[in-house]
Amino acid sequence: MEWNQTAADYPRDRLLHELFEDRAAQTPAATAVVFEDAQLAYGELNARANQLAHHLRSLGVGPDALVGICVERSLEMVVGLLAILKAGGAYLPLDPDYPRERIGFMLEDAKPRLVLTQARLRDRLPERVNALLLDAHDHTISTLSPDNPVPVAAPHNLAYVIYTSGSTGAPKGVGVSHGGIVNRIAWMQARYELEPSDAVLQKTPSSFDVSVWEFFWPLAVGARLVVAAVGDHRLPQRLAALIEREGVTTLHFVPSMLQAFVSRFALSQFKSLRRVICSGEALPAALARRDAPQLRLHNLYGPTEASVDVTAYDCGAEETTGYAPIGRPIWNTQIYLLDGRMQPVPIGAAGELYIGGAGLARGYLGRADLTAERFLPDPFGGAGARLYRTGDLARHRADGDIEFLGRIDHQVKIRGFRIELGEIEAALSRIAGVREAAVLAREDQPGDKRLVAYVAGREGTTPAAGELRAALQAHLPDYMLPSAFVTLDALPLTANGKVDRKALPAPDLGALQAHRYVAPRTATEAALCRIWAQTLGLERVGVEDNFFELGGHSLLAVTLIERMRQEGLQADVRALFVSPTPAALAAEAGRRAEVLVPPNLIAQGCAAITPEMLPLAQLSQGDIDRVVAGFRAGRPTCRTSTR
Numbered sequence: 001m002e003w004n005q006t007a008a009d010y011p012r013d014r015l016l017h018e019l020f021e022d023r024a025a026q027t028p029a030a031t032a033v034v035f036e037d038a039q040l041a042y043g044e045l046n047a048r049a050n051q052l053a054h055h056l057r058s059l060g061v062g063p064d065a066l067v068g069i070c071v072e073r074s075l076e077m078v079v080g081l082l083a084i085l086k087a088g089g090a091y092l093p094l095d096p097d098y099p100r101e102r103i104g105f106m107l108e109d110a111k112p113r114l115v116l117t118q119a120r121l122r123d124r125l126p127e128r129v130n131a132l133l134l135d136a137h138d139h140t141i142s143t144l145s146p147d148n149p150v151p152v153a154a155p156h157n158l159a160y161v162i163y164t165s166g167s168t169g170a171p172k173g174v175g176v177s178h179g180g181i182v183n184r185i186a187w188m189q190a191r192y193e194l195e196p197s198d199a200v201l202q203k204t205p206s207s208f209d210v211s212v213w214e215f216f217w218p219l220a221v222g223a224r225l226v227v228a229a230v231g232d233h234r235l236p237q238r239l240a241a242l243i244e245r246e247g248v249t250t251l252h253f254v255p256s257m258l259q260a261f262v263s264r265f266a267l268s269q270f271k272s273l274r275r276v277i278c279s280g281e282a283l284p285a286a287l288a289r290r291d292a293p294q295l296r297l298h299n300l301y302g303p304t305e306a307s308v309d310v311t312a313y314d315c316g317a318e319e320t321t322g323y324a325p326i327g328r329p330i331w332n333t334q335i336y337l338l339d340g341r342m343q344p345v346p347i348g349a350a351g352e353l354y355i356g357g358a359g360l361a362r363g364y365l366g367r368a369d370l371t372a373e374r375f376l377p378d379p380f381g382g383a384g385a386r387l388y389r390t391g392d393l394a395r396h397r398a399d400g401d402i403e404f405l406g407r408i409d410h411q412v413k414i415r416g417f418r419i420e421l422g423e424i425e426a427a428l429s430r431i432a433g434v435r436e437a438a439v440l441a442r443e444d445q446p447g448d449k450r451l452v453a454y455v456a457g458r459e460g461t462t463p464a465a466g467e468l469r470a471a472l473q474a475h476l477p478d479y480m481l482p483s484a485f486v487t488l489d490a491l492p493l494t495a496n497g498k499v500d501r502k503a504l505p506a507p508d509l510g511a512l513q514a515h516r517y518v519a520p521r522t523a524t525e526a527a528l529c530r531i532w533a534q535t536l537g538l539e540r541v542g543v544e545d546n547f548f549e550l551g552g553h554s555l556l557a558v559t560l561i562e563r564m565r566q567e568g569l570q571a572d573v574r575a576l577f578v579s580p581t582p583a584a585l586a587a588e589a590g591r592r593a594e595v596l597v598p599p600n601l602i603a604q605g606c607a608a609i610t611p612e613m614l615p616l617a618q619l620s621q622g623d624i625d626r627v628v629a630g631f632r633a634g635r636p637t638c639r640t641s642t643r
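Just so we're aligned, residue 1 is where the sequence shown starts under our numbering, counting upward by one.
A few of these clues could be false.
[Claimed, not checked] DSSO-like cross-link-like pairs, simulated, lysine-lysine; straight-line CA separation at most 27 Å:
#	residue 1	residue 2
1	Lys502	Lys413
2	Lys449	Lys502
3	Lys413	Lys449
4	Lys413	Lys498
5	Lys498	Lys449
What the hints contain is simulated information worked out from the structure, not anything from laboratory work.
The whole structure should be built from the sequences, with the hints applied where relevant.
Structure follows, in structure tokens:
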């Protein structure tokens, strides 16, 4: 098939971090990474990463040795990722926001040689883990050689392992080699041509594969990496301020997050923006047409098992209805749409999407059975060639572009997160009092997809929704928690005894809203009840009403937290999952003494300040004094380089 003629030259002998080292040697004084008010030049970043790499090498890190990294968003995170690769190892990202039990499972399953972390995060890790506290060892590490370590890894060695949701009830680690991701970065640069003057926003958590190109693409070509602060990476108003302040030219959005962003801000108002890249879920055509004159929107598709993305499509005004295509294969990649007998389907017919080529992952860590099930011999390739079976349905258009049609199994994508419903069902089934459980991704309102859990209890008793949610929080990340729980006497079955998912009823949110109303008792509770009602589109909300039981989900949680911050109430999304009622969150907000100062939305060169740019009416005199203290002689406090 001509569309699979994708052979292209790329630096096959280079390792991921060596692309960065080349740039550090060429432009050592250029700014490499920016985080809040600190920055590192290419030479500084390389030296710090080298020093840590030498220390890791002395601890036995080498080819295919895994090193966990549980670090908050910071310059240290970038230093740590580079250092692990330079030492010859592969990095294993551990999101500090994940439940301790999930982090513990990943560590037990992957068995990393050690974990890089910070003192304030040590209690997120099991005691038995060999942890290297970066902030505690900084002085010792800074005395080591700043020179590049002698390379010990090869392109076939692992660069990173990222865990994805697992259908059998536990997450699975996907191991990706240097060669696969280097091909991906090289293609991306040839396709989109970053310049040293570009700035790429890094906002995806490191535990998701999009973060890989966000970190390493700019560093491989001499551009500037802008790391969003903790919490800010999910808040549209904070992102808007960061784009303006740092002159961001390139950033990634999951389509649902892009929709939330453009509902608040026009892309055309960000004069620096040149590229918006979407992936993670189907891109609605109406959203794909939202190009500002100075930028292009690109739709990418791919699983973690194939070095992030394998197809690409440049969106334009011609998109009309439905969803934007996912495009054609990238360099050195083959896409096959096959029937049940592994034969190609005709153009226009639906087939399962299989991926071959340079980007395929090594497989699943410690899961030879699952690797053999999903990574198959390639009947169209040479000896040793493999195909990855995605489970996605797609079809070719007559022009060669591919359209994504959906899934053939129970894997779903919600707001960009890849979720195996079976993992949630397994976690529910382990809860005391639960006899059987099923989970659906429902879209009862257009554009609002959410997880709904259906539970049948043992001996006529079923734990309450709050108890179920609390139990799941100990095992699952926030994005996998159901928005609603429906209690049934028994799950409906088909004639052959399987759960009849089509017969599962929609949750009755009206019944949840009809329970006893408890009025707010304090000004904070009143403000939260009002924000709750605005966000959820309800007439009124009481202080004991649960955000998620009323239809809330992770994307609406971001909106709610942002509205809170605009009114001086400080909290984060994680706090909402722990304290999901106005009464509980009011108590949590009351324990946070510092009022959050709204971000400065005054663009450089602005000729007139409008009220929404700096809402001082929301600030106390003490807050205004803190804003003024950040300026010297009428100019903002200068950013400093840190070492």
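(message) Which constraints among the numbered hints does this structure fail? Numbers only, ascending.
(response) Result: no hint breaks.
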